[in-house]
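Undergrad: If you want the building blocks of each chain, they are given just below.
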Amino acid sequence: MSTLIQTLGNLRGRPGRTILTALGTALGIATIVALLAVVGGVKHSAGDLVNLGPSELGLFQADAADPTTSILSTTLITRLDHTPGIASATPLILLVNGLPKAPGSIVFGAEPHSFVSQGLVYSSGGQYSSGSQIALGDTLAQQLHATAGQTVTIDHRRLQVTGIYHNGIAFQDAGAFIPLSTAQALTGRPGETTSIVVKLDPATKPATAQHTITKRFPGIQIISDAQQATRAGVSGDLISQFGLVIVVLALLLGGIGVANTMLMAVIERRSEFALLSAVGFNGPQIAGRVLVESIVTTILGAGIGLLLGVIGAQLLVDALGAQTFVNPQITAWDLGRGLLVGVLLGALGGLYPAWRAAHVSPARVLAQH
Amino acid sequence: MSGARVVVEHLSRAYGPAVVLDDVSFVVEPGELVALTGPSGSGKTTLLQLIGSLDRPTSGRVLVDEASVGELRHPAEFRRDTVGFVFQLHYLLPALSAQSNVELPLMAAGVSRRERAERAVDLLEKVGLGDRAGARPSELSGGERQRVAIARALAGRPRLILADEPTGALDSVASHRVWELLSDACARSGATVIVASHDATLAEHADRELHIYDGHLAKPSVLVPAETTP
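As they're listed, the protein sequences go chains A and B. Residue 1 is where the first sequence starts when you use the numbering used here, and the numbers rise one by one after that. Residue 1001 is where the second sequence starts when you use the numbering used here, and the numbers rise one by one after that.
Quick caveat, the hints were computed from the structure, so don't treat them as lab data. All values reported here derive from a predicted model rather than from experimental measurement. Yeah, the Cβ is synthetic: ideal placement off N, Cα and C, and Gly gets one too. Among the clues, some could well be false.
So the derived list for chain B, only partly shown, Cβ under 10 Å to chain A, looks like this [said to hold, decoys possible]:
#, residue
1, T1058
2, G1060
3, F1087
4, L1104
5, A1109
6, A1153
7, G1156
8, R1157
9, D1199
10, L1202
11, Y1213
To spell it out: a stretch of chain A is covered by chain B in this simulated footprint if at least three of its residues, at any positions, have a beta carbon under 8 Å from a beta carbon of chain B; those stretches are [what the hints assert, rightly or not]:
#, stretch
12, 255-262
13, 282-290
Okay, the calculated beta carbon distance ranges per label pair [unchecked claim]:
#, chain 1, residue 1, chain 2, residue 2, range
14, B, H1010, A, L340, 55 to 63 Å
15, A, L340, B, H1176, 53 to 61 Å
16, A, G16, B, P1030, 17 to 25 Å
17, A, L20, B, R1113, 46 to 54 Å
18, B, G1142, A, I299, 31 to 39 Å
19, B, E1139, A, G16, 20 to 28 Å
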């Protein structure tokens, strides 16, 4: 306790250095927290991309970078319809960046009478049916200031808004539905789809159906829940790995920064450590004081960094224009990790300075004065 | 508590080709107050550092109560338990109050917070600074700082006090007060006190004087009582 009080006294005695060190740490931790939050948000969003009911499966091309880049042939539909345990199968195309005024929105291409389209609940207007029609999610409609009867343009094609729906799924409410044929025309891939959504017979267990489909349709990846969707995408893995690289880099750079600052502090205060040694503090005790000081400084920085990270995550999403489909997810574990990184930075960055302080020669230093 | 017996045997210390101490031998009996005099650069500080285990000799040895201090595995613990240092520069930690500075040796020894505070306040009162316990070093005069440093040296109840030019940066009044405190500490606790000073006139306060010149003890075989020194 006394060491901590003395440490705080030392830090107060050098406010400029303390603040700068803490700020350096804060920036590193803010970066980590912001990235973790955005990665978490992206993962969560990826899971929402394919919203599946309890008796539904999503079929994607195996090894696709992410669900939106999967390509499957629609000829599979007929074969799937004849597979035991499957009640119905319908293609679903995912179009990203189709709406210039809402770049984060996803346009879904689905047969108007499929069970996917039939699940939309309209608050105004009604279901789309012909090739030049579109149904907008209410979030997107609000963003575009569009109402039923107006037109919106996708890839230079004018489509009439038939209705505004809301079904509580963020991606779908921030997106739009168009006929499958229109979506195929827009992508230039007639006869192809991004994914196929499968509805199972009530008596069929999803695991059994998955086993059957895997056996009959090699090269297809089956997703039965949002977590699987998150895991399925190579992009998700890349994002996670990118986040990890940034975390490691921030740790390295932050650690070097803390080590440098603490080393300077130790060199400046050599007479202090020499005195401590002269009055009976042993090496580990002196090293401990430096480590405590280093850790307290970085915890202080971590506190600031966590706050900046929470703010920065939203700013980052806004700057990327992804606010419509990425909502930064900051969990207690993320904050805990930020704090843990702060402690680690302090400990790692303080190790060498602590060793130097513990090995200050009192005879040499005190004699120099 | 009795003072430590210090035996210095053929002690030498060289830094490369420069010999700072050359074959110095003497004995200081428990409870003695010895003045180690000599001009600047004569080797007084080096000698005190060797006795206090801050440095290791090139040859010879120092025995403090039979323990060869140059061969100690844990010299910091020896300093903590046996030695109290007073330096010419007070070396008070600027971020700490006078009381916290005095508590430092007790912190090293793991003394409880309460006992530390009691002993520090008591010592500060003894050196006439009872009302300045909360003051930072920057708020104290030079003499006051040195008195805090003496209180710090006494905090661990050492059996050997080594003072290196403790009055070097003080005026005559403050110097006199410092000598009084060291004499008093020696008399009260029975601690052995060795005080290095380039000012030979201050040796009149000591039980005896050892004069060192160019790394040699002037009269190594004769321990001259201070009162007979001219």
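Undergrad: For each hint, tell me whether it holds in the structure or not.
TA: For each hint, the structure was consulted:
At about 13 Å, the closest approach between the beta carbon of T1058/B and any beta carbon in chain A exceeds 10 Å, and the interface hint on this residue is violated. Hint on G1060/B is violated. Least Cβ distance to chain A is approximately 16 Å, over the 10 Å limit. With 10 Å as the threshold, the beta carbon of F1087/B comes within range of chain A, its nearest partner Cβ sitting at about 6 Å, so the hint holds. Given the 10 Å rule on beta carbons, the hint for L1104/B holds: about 5 Å separates it from the nearest Cβ of chain A.
Checking A1109/B against chain A: minimum C-beta separation of about 7 Å stays under 10 Å; hint holds. Hint status for A1153/B relative to chain A: holds, with the closest Cβ pair at about 8 Å, below 10 Å. A least Cβ separation of about 7 Å between G1156/B and chain A falls short of the 10 Å threshold, and the interface hint therefore holds. Interface hint at R1157/B: violated, since its Cβ lies 12 Å from the closest Cβ of chain A, which is beyond the 10 Å cut-off.
Given hint, D1199/B at the interface with chain A, is violated; its Cβ is 19 Å from that chain's nearest Cβ, farther than 10 Å. Nearest Cβ of chain A to the Cβ of L1202/B: about 21 Å, over the 10 Å cut. The hint is violated. Given hint, Y1213/B at the interface with chain A, is violated; its Cβ is 19 Å from that chain's nearest Cβ, farther than 10 Å. As drawn, the stretch 255-262 of chain A meets chain B at 0 residues by the rule of a beta-carbon pair under 8 Å; below three, the given contact is violated.
For the stretch 282-290 of chain A, the stated coverage by chain B is satisfied: 3 residues place a CB nearer than 8 Å to a CB of that chain, which reaches the threshold of 3. H1010/B and L340/A have their C-beta atoms about 57 Å apart, which keeps the hinted 55 to 63 Å range intact. With their beta carbons about 58 Å apart, L340/A and H1176/B fall inside the hinted range of 53 to 61 Å. Evaluation of the 17 to 25 Å hint for G16/A and P1030/B yields a failure: the beta carbon distance comes to about 50 Å.
Remark: the range hint 46 to 54 Å for L20/A to R1113/B is contradicted by a beta-carbon distance near 32 Å. Under the hint 31 to 39 Å, the C-beta atoms of G1142/B and I299/A, about 38 Å apart, fit the expected range. Taking the beta carbon of each, E1139/B and G16/A are about 21 Å apart, inside 20 to 28 Å as hinted.
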